[in-house]
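Turn these sequences into a full structure, and let the hints steer you where they fit.
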Amino acid sequence: QLMAIATSKDVGVTPWVSLAASAFTTGFSSATISYDFDTNPKKRQKTPHFYGFIPANVNKRAIVFVSMLVISTGMLVIRSMTIVLLGLVG
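Numbered according to our numbering, the sequence shown spans residues 281 to 370.
Read the hints as simulated data drawn from the structure, not as lab findings.
No experiment lies behind these values; they were computed from the predicted model shown.
Treat the hints with caution; some may be incorrect.
Derived DSBU-like pairs (lysine-lysine); straight-line CA-CA distance at most 35 Å [said to hold, decoys possible]:
#	residue 1	residue 2
1	LYS340	LYS326
2	LYS323	LYS340
3	LYS322	LYS340
For each label pair, taking beta carbons as the anchor points, the in silico distance ranges come out as [claimed, not checked]:
#	residue 1	residue 2	range
4	VAL291	PHE330	41 to 49 Å
5	MET361	PHE308	31 to 39 Å
6	THR305	PHE330	20 to 28 Å
7	ALA336	PRO295	40 to 48 Å
8	ALA301	LEU366	21 to 29 Å
9	GLN325	SER288	49 to 57 Å
10	VAL297	VAL346	15 to 23 Å
11	ILE358	SER298	12 to 20 Å
12	MET361	HIS329	30 to 38 Å
13	THR319	LEU299	28 to 36 Å
14	VAL297	GLY367	28 to 36 Å
Backbone N, C-alpha and C fix where the C-beta goes; we use that ideal spot for every residue, glycine too.
The structure is reproduced here in structure tokens:
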């Protein structure tokens with residue numbers, strides 16, 4: 281999608297919305313997997329030094345989850361854009 285957007289001269293709103301939806305869906309999946317693994321009691325017992333970054337407070341949990349969502353989405357877009365730019369440079 282990014283390559284098509286980068287090489288087109290007339291890009292409407294729909295491709296950008298599609299790109300944003302795809303990126304946020306992937307970011308949400310990544311954040312959910314990390315959240316589920318971290319809040320699993322068995323995993324926390326087995327390796328407490330690795331798991332346990334999600335706090336017990338509900339508000340703080342929401343902040344951490346949204347932060348993971350934004351960071352995961354941003355990293356995906358940065359990596360994808362880097363590949364597109366390298367492809368355009370040749």
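query: Okay, which hints does this one fail, numbers in order?
result: Of the numbered hints, 5, 14 do not hold.
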